[in-house]
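The listed protein sequences correspond, in order, to chains V and A.
Quick note, our numbering runs 100 ahead of the 1-based positions in the first sequence.
Quick note, our numbering runs 100 ahead of the 1-based positions in the second sequence.
No wet-lab data here; the hints were simulated from the structure.
Be careful, since some hints might not be right.
A pair counts as met if it fits within one copy or between any two copies, since identical chains are not told apart.
[What the hints assert, rightly or not] The list that follows gives simulated cross-link-like pairs (lysine to aspartate or glutamate, DMTMM-like), each with its CA atoms no further than 20 Å apart: (1) K120 x D152; (2) K396 x E448; (3) K124 x E156; (4) K390 x E441; (5) K124 x E488; (6) K310 x D275; (7) K428 x E227; (8) K120 x E156; (9) K310 x D294; (10) K120 x E149; (11) K120 x E191; (12) K390 x E337; (13) K124 x D294; (14) K428 x D504; (15) K428 x E191; (16) K396 x D215.
2 protein chains.
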Amino acid sequence: MALIVQKYGGSSVADADGIKRVAKRIVDARRAGNDVVVAVSAMGDTTDELLDLAAEVAPIPAPRELDMLLSSGERISMALVAMAIHSMGFEARSFTGSQAGMITDAHHGAARIVDVTPIRLREALDEGAIVIVAGFQGFNRDTRDITTLGRGGSDTTAVALAAALDADVCEIYSDVDGIYTADPRVIPKAHKLDVISSEEMLELAANGAKVLYIRAVEYARRHGVIIHARSTFSSAEGTLVIDEKARRALSDLFPQLQGEHMEEPVVAGVATDHSQAKITVIGVPDVTGKAAEIFKIVARSGANVDMIVQNISAAATGRTDISFTLPKEEASLALRALAAEQADVGFENLIHDDQIGKLSVVGAGMRTNSGVSATLFEALSVAGVNIEMISTSEIRISVVLRGDDLDEAARAVHTAFGLDGEIDAAVYAGTGR
Amino acid sequence: MALIVQKYGGSSVADADGIKRVAKRIVDARRAGNDVVVAVSAMGDTTDELLDLAAEVAPIPAPRELDMLLSSGERISMALVAMAIHSMGFEARSFTGSQAGMITDAHHGAARIVDVTPIRLREALDEGAIVIVAGFQGFNRDTRDITTLGRGGSDTTAVALAAALDADVCEIYSDVDGIYTADPRVIPKAHKLDVISSEEMLELAANGAKVLYIRAVEYARRHGVIIHARSTFSSAEGTLVIDEKARRALSDLFPQLQGEHMEEPVVAGVATDHSQAKITVIGVPDVTGKAAEIFKIVARSGANVDMIVQNISAAATGRTDISFTLPKEEASLALRALAAEQADVGFENLIHDDQIGKLSVVGAGMRTNSGVSATLFEALSVAGVNIEMISTSEIRISVVLRGDDLDEAARAVHTAFGLDGEIDAAVYAGTGR
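In isolation and in its complexed conformation, chain V is listed as follows (with noise of 0.2 Å):
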């Protein structure tokens, strides 16, 4: 008998139907003879609505009574859920973040999971029966306030319970099938992968791909939670994501695993982004120190920087351009915190541009294998895209370019790396609510 953590997103739950459809899936998985614990998120959009009503009574919400109002979301849907489950005959019980001994620090809005004491979903499973817990919410020991965990929440909620319940595999449940190489609705030749490394997860994550979040995805690396990333609306197995070691092995003893996709599977997917903008610092007195008091001041605006790039000094002037990435929509703050110190920095002038685009190839395989840019550059130039920047990791490559080139350079990077699919991956995008 496997421990099965299950997690449903609020598009699964969002009406009578989809819960029940979901109380469906979950008896299932306990009639094949597993432990179930069930992370729910709040119904469709009952997060957005509490929130829209939280600023008609109070511009400002207090953090305490906003995660107390939005904790109420996850009641709703994991109690609901509980009695779709009972009525089919099955035992359940439906646990409050607190209840289920999910600990966190008093940060409102966006608590850190501190400690999992899960005593009483133990007990429940114990006594046979299927356990359901409020996703996105936790409980303060010191303040003994609640407190929600911010943006992917419910995802976090399931990893972390996985770990602290030892669990065989934490299945996070979306209305997308699994990891796909590319986003199909760019590249219809994206392929689903059957197994993706959770470092290599990340690096995708964090570079604009959507299905899994990046807080979860490292949550489970850091204890060993083995995720499976699959849909609601089909019994079709999804996408596993293991630590590096885990999947090399698997490989190994597999190799029908990575399909005939992936006979080198040097590039898992390819990634693109087109949330962020650029800002470039023209005339920057070349003397030491000045980049750390640009980036000072930027981060001081509260802008989150991804790409820097600083170009050689021009012998003549003494000065230099630096430009760099962040989200579209810190842009304007970290720009004019940038204006008001423009006589303390000396620079000349400001750009901002935001009709870049993003694309990074990720892969574990980089660590082994040379060529990898070189096949990325070489792709580019034949469909005569114009690289502007380019950042590296151990596993990973990004350039930006043209925002309208974004698309068609991402079809060409992913046929350059042999990922393309036999069949279009259509239903990927057709599958939404």
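Following the hints, position chain A against chain V.
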């Protein structure tokens, strides 16, 4: 500095405007120098909407899960009220039933309060905060599960908090501005009472008056809590509900409290009730134990019998008729149960009558004043209304009439006991939302 407990019902917090209006009232009480603890119901129709959702996913929802579901309603309203107060510059903290120390038995859906340990509320008050508590919900220590208190639960929460915190008064806000001598929709000349004894209030509530729940009044009476029933939509004083001794002392000290209406306050009010049906069991063998047999059957069907009348036995047949009243919606189950045992009991026939009405006059003064029943019967006789059944308690006389006669009879009786006010109480029915 007084400690005031306030309770706001669902219609008072039905939307953002309502929540802001309630928040302002609470802040006003705080500004006036009081410590304030507030119990709130779920917003508007939230509870009904949650019940509908439950019915969609499970024909008979598991009681534990239903309580988990329903308890989310008050979390939403209390967090919003706390936020709204916060944004007016006052410190407010919301607490769930379990955080507030509302300990109940484990009877899901209709839990009884067994203890109130408001430790966190005292701490918050000591720190200068306004305290907002979820009405209607509690927590069972043994199962560690969330419970709900059932009908009138939020009123009971407020009164129980007032008792545990030794509050000076428990203000129960609704869309009605106090307790009237009768339902002003039926009797426009009904007038608002400044004070009523809890014993009288209990009899009125048990016999059709709707402003306060019996259970909350009973709890208040047992624990010496003073209730002040008043309107969310007006700053006028409402009606104080206090125990009879206190009421008598008050009347002696402040005769003007009773106003000119009540120089002889024998009768406090007239209650009307259209919600009952009458069942008559015809031809019951006049043998010891037959009545017991019949009412055992009725009780097993789940019906709550109110009035009982047994005819004088006809010597010729050795048989008698027994009539009783019960809530209309319980009549069919009771009839079915009786019919099933007709042979055993040996009665001849069953008659069901759902066109009856019940009129009650209530007044603590009855204890020391004779002639109340004479005045009542005389008034009904002058009005040409036939009496079908009579029952009495120490401070109440109830009669069953034709339902069609009830309103006219109530007006006649209200006048006969000198209860008519000088102006129509039209405001009573007009303020609902």
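So, going through the hints one by one against the coordinates:
no. : hint        : in the structure
1   : K120 x D152 : between (28 Å within a copy, 15 Å between copies)
2   : K396 x E448 : within (18 Å within a copy, 95 Å between copies)
3   : K124 x E156 : between (38 Å within a copy, 15 Å between copies)
4   : K390 x E441 : within (12 Å within a copy, 97 Å between copies)
5   : K124 x E488 : neither (50 Å within a copy, 56 Å between copies)
6   : K310 x D275 : within (12 Å within a copy, 49 Å between copies)
7   : K428 x E227 : neither (51 Å within a copy, 42 Å between copies)
8   : K120 x E156 : between (33 Å within a copy, 9 Å between copies)
9   : K310 x D294 : within (17 Å within a copy, 64 Å between copies)
10  : K120 x E149 : between (23 Å within a copy, 18 Å between copies)
11  : K120 x E191 : within (15 Å within a copy, 42 Å between copies)
12  : K390 x E337 : neither (52 Å within a copy, 69 Å between copies)
13  : K124 x D294 : neither (25 Å within a copy, 58 Å between copies)
14  : K428 x D504 : within (16 Å within a copy, 72 Å between copies)
15  : K428 x E191 : neither (48 Å within a copy, 36 Å between copies)
16  : K396 x D215 : neither (33 Å within a copy, 56 Å between copies)
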